[in-house]
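Peer 1: Given next are the chains, with one letter for each unit.
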Amino acid sequence: MSMKRKIALILLLATALTLTACGPQKDAAPVAQEPGSLPTQSAEPEITPFPQATFADQNTGSAGAATPDPFEQLRYDGPPSALRPEARDYQDIGPIEIGEFIHWDLSRMSATMAYAQLYAMLMQPEGYVGQTVKVQGEYYPLTDDEGITRVHGVIVSDMAACCQVGLEFLLTGNPPPGTYPPPMSTVEMTGLFDLCNDGGEKFCVLRINELKVLEKASPSGIN
Amino acid sequence: MNTGGIWETLGFYLSYPFVQYALIVGVLVALSASLLGVVLVLRRLSYIGDGLAHVAFGAMAIATVLNFSNNMLLVLPITILFSILLLHGGRRVKIQGDAAIAMMSVGALAIGYILFNLFPPKGGNVSGDVCTTLFGSTSILTLSQEEVWLSIGLGFVVVVLFVLFYNRVFALTFDGEFAAATGMRTGLYNAAVAVVIATVISLAMNLVGSLLISALLVFPALSAMRVYKSFRSVVICAAVFGVTAALVGIVASILAGTPVGATIVAADIAGFLLFSLLGALKGKK
Chain W
343 MSMKRKIALI LLLATALTLT ACGPQKDAAP VAQEPGSLPT QSAEPEITPF
393 PQATFADQNT GSAGAATPDP FEQLRYDGPP SALRPEARDY QDIGPIEIGE
443 FIHWDLSRMS ATMAYAQLYA MLMQPEGYVG QTVKVQGEYY PLTDDEGITR
493 VHGVIVSDMA ACCQVGLEFL LTGNPPPGTY PPPMSTVEMT GLFDLCNDGG
543 EKFCVLRINE LKVLEKASPS GIN
Chain Y
218 MNTGGIWETL GFYLSYPFVQ YALIVGVLVA LSASLLGVVL VLRRLSYIGD
268 GLAHVAFGAM AIATVLNFSN NMLLVLPITI LFSILLLHGG RRVKIQGDAA
318 IAMMSVGALA IGYILFNLFP PKGGNVSGDV CTTLFGSTSI LTLSQEEVWL
368 SIGLGFVVVV LFVLFYNRVF ALTFDGEFAA ATGMRTGLYN AAVAVVIATV
418 ISLAMNLVGS LLISALLVFP ALSAMRVYKS FRSVVICAAV FGVTAALVGI
468 VASILAGTPV GATIVAADIA GFLLFSLLGA LKGKK
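Chains as they are written, first to last, in the working numbering: chain W, 343 to 565; chain Y, 218 to 502.
If you are wondering where the hints come from, they were derived from the structure by calculation, not from laboratory data. Heads up, the beta-carbon is just placed ideally off N, CA and C, and yes, glycines get one too. Treat the hints with care, as some may be off.
Here are some chain Y residues pointing at chain W (derived, C-beta under 10 angstroms) [to be verified]:
id: 1; residue: 229
id: 2; residue: 352
id: 3; residue: 407
id: 4; residue: 409
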């Protein structure tokens with residue numbers, strides 16, 4: 343190989359390697375962006391918001407190569423509940439009325455399609471706020487160090503259970519004891535999709551009036 | 218499931234944006250891949266798609282570790298670089314064709330998998346990510362709008378370039394030395410072909426995953442060659458075959474809930490068998 347070609351190859355390699363400098367700056371201030379907009383170009387490259395599952399869990403996967411969780415680096419300034427902006431706290435926004443018409447019936451879809459649609463909803467949640475969604479999946483509670491359940495979620499897996507996505511749900515009112523089944527029970531719910539803010543953290547929630555247990559798993563002792 | 222039920226189910230799914238995106242990108246990627254596949258098959262470089270796909274997997278692992286916002290920023294340049302090294306090396310390189318492809322292929326795959334395990338994505342599922350990247354089970358169904366537009370743009374560029382430079386591609390495919398002797402800048406065109414192939418492979422990873430990309434490149438060309446003999450006929454037939462197989466595969470996977478990539482390859486296999494039968498019948502006449 344001639345010297346000219348060797349130099350050209352080295353230059354190409356160097357060009358490719360210099361692109362590795364385009365990564366997240368740990369101390370860079372988060373850039374507020376309009377939901378759904380293209381990433382803004384700046385002198386210091388920053389992570390583009392790319393909404394993922396509502397709660398990050400070792401069993402919750404992303405499609406394709408993993409992308410960083412944007413909620414860590416982007417403070418959300420929206421209302422506690424996009425469904426009811428006047429609410430003071432995202433957890434209790436008062437009674438909700440769920441109509442008969444279901445906009446997105448994920449229970450009718452195959453596992454892979456349901457996973458893909460829920461993933462799309464979590465990617466661009468703004469377009470789905472207020473719409474009625476029916477979901478079927480596995481109940482998965484997240485507990486704190488004292489064993490108290492803080493988050494109730496439903497996990498939707500693709501056909502091979504290779505990829506999973508989770509969605510938090512909130513039962514309106516004060517659900518009586520025994521409402522929630524053991525973890526990994528198959529549940530079905532119909533509710534209104536909401537985009538919430540808790541201390542600057544943006545996440546999605548399905549607000550439901552009723553939780554239907556299709557198949558109860560064996561109890562695991564988690565409250 | 219009766220016929221009416223199938224149409225109703227298909228109509229139900231087609232109303233979802235992610236299905237529409239999958240169909241658009243799937244068709245464009247399959248078209249681009251099938252056009253380039255004719256060139257690769259005739260130049261006996263069928264396995265290069267597999268090799269470059271594995272290189273792209275390794276690059277994706279590096280991009281994930283380095284926290285790239287868009288993995289294509291690293292995947293595309295690295296895949297292009299290796300594509301040029303493989304296709305543009307010529308006869309003067311010490312390690313030729315298939316051996317070079319094998320080395321790069323397994324090396325990149327191993328390094329990529331090691332990186333995924335050493336630096337797992339935060340909050341992610343390594344097995345799921347690797348499985349999806351290798352087999353493309355759900356990645357075509359979870360495309361963002363930006364990815365769709367990028368795929369549309371690149372797909373159109375590939376098709377337009379192929380059509381515009383058809384005669385030069387033909388000359389390069391069948392007799393590169395004669396083409397060079399007539400004054401054609403074969404080095405430049407070889408490098409251009411390498412860049413385009415790398416681009417198509419980077420896009421096709423979303424459709425069928427790294428392990429199955431060769432199917433998009435090879436099956437349409439081989440199937441067309443069972444029936445047609447002229448280069449132009451093979452190219453047109455391969456393009457139609459590739460697009461049809463992709464459409465059938467995507468629709469079948471949607472209805473049956475099977476992995477998209479594998480279903481497309483299954484459609485390719487079925488089409489190849491059909492064309493082989495047609496070719497045998499045509500030969501008998």
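Peer 1: Could you run down the list of hints and mark each one as holding or not?
Peer 2: A quick look at each hint next to the structure:
1. 229: Holds, about 7 angstroms.
2. 352: Holds, because the Cβ-Cβ distance from residue 352 (chain Y) to chain W comes to roughly 8 angstroms (cut-off 10 angstroms).
3. 407: Result: violated, 13 angstroms to nearest chain W Cβ.
4. 409: Since the shortest Cβ distance to chain W is 15 angstroms, the answer is violated.
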